Amino acid sequence: MGEPIIALENLHRTFTVRQKVGRVRRKTRVVHAVDGITASIAAGEAVGYIGANGAGKSTTIKMLTGILVPTSGRVRTCGYNPVPQRRLLAREIGVVFGQRSQLWWDLPLRDSFRILAAIHRMQSLDAESRTAQLVDHLGLAHLLDVPVRQLSLGERMRGEVAAALVHRPRLLVLDEPTIGLDMISKERLRHFLLAERAESGTTLLLTTHDMGDIERLCERVLVVDRGRLVFDGTLSSLAARVALQRVLVVDLPEPTPNLQVPAATHIGSELDGQRQRLAFSPQQTTAARVLADVTAMTEVIDLTLEEPAIEDIVRTLYGVG
Amino acid sequence: MYRTIVGSRIRSQLAYRTSFWLNVVTSVAVGIVEFIELYVILANVPVFGGLNLPQAALVFALANTGFALAELVFGQLDTMPTYLRLGRLEVMLVRPMPLMLQLITSDFQLRRLGRLAISVVIIIVVLPNLHLDYTPATIYLLVITPVVGAAIYAAFFATAGGLQFFLINGAEFTAAFVYGGSYAGQLPGSVLIPPVRVLFTFVFPATVTAYLPALLIMGLAGPKYLPAWLGWFAPLFAAWAWLLAWLAWRAGTRRFTGAGG
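These protein sequence lines are chains A and B, in that order. Add 6 to the 1-based position in the first sequence for the working numbering, that's all there is to it. Add 6 to the 1-based position in the second sequence for the working numbering, that's all there is to it.
Short derived list, chain B residues pointing at chain A, Cβ under 10 angstroms:
#1 8
#2 10
#3 14
#4 17
#5 21
#6 22
#7 112
#8 113
#9 260
#10 262
#11 263
#12 264
Under 8 angstroms between C-beta atoms, here's a sample of chain A residues computed to sit facing chain B:
#13 72
#14 96
#15 103
#16 125
Hints listed in this document are in silico derivations from the structure and should not be mistaken for laboratory results. This structure is a prediction, so every number in the text was calculated from the model and none was measured. For each residue, glycine too, the CB sits at the ideal point set by N, CA and C.
Looking at chain B on its own, in the form it has when it is part of the complex (with noise of 0.2 angstroms):
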């Protein structure tokens, strides 16, 4: 069933051509601007939070890997007002499929690929640099925290998408919330205040998409209230994301079939 869905949505991409290419360079475009803006802090002061060019390029790259994975799957749920607005959840509630599967899978966007590529070259080009010792630790660290990245920036737009229910169009708070997360992700979290830290870390747990894990394959040791064991409790802060994503989606399609929040 979701092999035809996708299919149909992939195919009807790849139809018009110049459109997609445009797409997939603007997306690329996005992602090498970003890390020029690190790029170019870190060429006037050596360090930045801690971190020097090829480390905090590790961050952003690891952070990156799992946003951009999240969005590819997730990203649809930025449309929520629209599809609000024009009623086209009340069609979806008509048909044998669960909401949020239907709405992932109404507008697969294979341009969004183009941030993943960039990503994954910044971590290959990084790896040589930072001379680390290959143990098995290491290697799972570098496996698992893309992955355990994405289902928590996935959460973060479920999340976003289950208080669109509770806004009147609410596209800008997804974009503050979610992107937002995903900034604080990709930037060494000792440069966050405290507060901002511990809120990013325990509550939205965007420090451990990278910055954590990344401390842990580095070696170093995290700044005041992020030490970097916490790195190895990611899965955990993933599943905890996904808590608070359940939540606030159910509250959400709860308010909006009226059977109170």
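So here's chain A without its partners, still in its complex pose (with noise of 0.2 angstroms):
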């Protein structure tokens, strides 16, 4: 299998921050972000990285990209010690930054994608075929001759997709992609990376805080909380840990008694029934199946689904272990 594409070795990083104490007084405290994480990424793998806000994920994440040093510890990325070689490294690898645009906002998408593959030193057929196949994919033809910053998020998140996967990365780092995006948005681009992950063998490294990005996309889940790693392993032996259950919530016209449906646990009412909440395994039934069921019995004025909190998730971890 070779060199890992990512190697993390008792990874560290500490920043000093300073407070005010009284009039003049200061304190410096020392906040570690990261706090000894050792893990090894192969190429080829589809990796999922969570955690609750301030865990440590996208200071990781800026570590192994080349934008901070470690404060000790071991990164290699792609074979190469990120912040020195910073610009050999950024040859191999494609970041999108959820809440950051790598786009001219002023200039229209087909612009960006040129300036990026010339940034990339790409020869300009390789370039412009290259473009050709992701924004067919994308379904980003009607959209390119449109500036940036007219486009809708779900539109332009797609836009810095394609913009981070210009130079055929070998690996590509997504932090925070779906945050914000629509339920079809969400589908659309995970449906794309699948594709995309089918085709080149791309490896992909994902943080989220939707636990639906995961199950779709990764295989493999690393948790992080307060800068430490306490999970590392496969999606299904994680689910076998925690449960990764969704909660469906049915608004009924009038006061109902607790429903029992197969497969689901009824976990709450309110209003005497008139809203309740049912939780099921995405692995023994679907929630379709569920909803099917309510009706059966009852009529159905409104739901919603929610899916599992990683904080939730952090917290159960913890119980176990």
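Take the two lone chains, each set in its own frame, and fit them into one complex as the hints suggest.
What follows is the structure, encoded as structure tokens:
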């Protein structure tokens, strides 16, 4: 299998925060953003990297993409030492920051792709065919001449992903790629990423708050909490340790006794049973089947589906381990 | 590569024609207002810092030409505080191109040509009034001064850019440092009080961008601490300014990546 594409060895990163204490005195406090992470990712893997806000995800991503130097420990990405060999590494990786655009906001998408191809010193024929391929797969053809600032969030995010893939990176790092997107845009992006991986074998590292992203895209999950790795294993072994349950919330027209549905557990009622919560495991049944069972018994006015929260998963991992 | 980037920047500016021409007109107007300031002083007192109107105008125009050239290329470093705040630098760091080059090409402002045009016009108008001998040395100085001046002002932009990494929202600092430096460069150096004169010559060599070479061109001696012959060493002063800029920039980027300052 050769050298891993990402190798982290006892990685640490601390920040010094200065706080005002009283009028003149200042206190410095050392924050351990990343506190001894060791992990290795092989070429071709699809890995989800999850944790609560401030757990150390972004700091880790910055260290392995060459933005931030580790305080101690070792990081190798694509065989490079990220910060000193930043520009060599940049040719091998594509990075999408969900919250920051890498496109030129006042230029049409077409120009952004052209500039990025030039920055990566691609041959113009190669760049054209690659761009055409991405444009086709991401459904961007009708948006190519629109200035980026006029695109919707979903459209822009597809543009961002295409921009990160123009130079055919070996490793694609996505930092919160689906944040703020609606269900359809999310699904479209996931679908593309699956197809792209099947075709090019790109290694994928994904941070997200959305367990749906992980379940659709990743075989392996790393869970980080307060700078430490608390879980590293396959998605199914994570599912075995913590219940990755969905919750179907149904609003009913009138007070109803607790619903009893096969393969789902009633976990709560509000307003005398006008709103009821049913938990189910996606491995055993589907949302559609649970809903069908409910509608067989009573009318449903409204419904929502809740995904498992990352925070709950982390908490359960602590409870179990 | 740079042709593609700069080309698309220029095209995007020309796409909004009204906005582009308004910007050019503003830039020209700023240049004219600054010159009127000088003109008003010299219309009331015959000599300003030992120079008469055409002489002071030459200093003003040479300094402005250099500054306009520097601003055309490096003026974008002004927006560093915004880039830092919005996290745009992270995005630039994952591209295989030096950070400084990405910043200066990120927004190439053609409208800044307005200021350059004004300065060139003033030089053309003023030169016949100075009754100069066009020796090879004079011609050399007239050609090299805007180039060296541009290099020095560019170094100011880069120094200020590097220091931005240490400041929270340092836009005012850049303005004070870069535009203050350019203002000092446009004045006859003799009007500055001696400590300021020394600061803007031997630390931040603003007077070298126009005043000192202009003294050589016009065959005048310099004031105290500022002999005219220093003007021959302008390229050395530029090299010094760039050394400062390089140190500031390196310290800044190292701080950003957490590599220690």
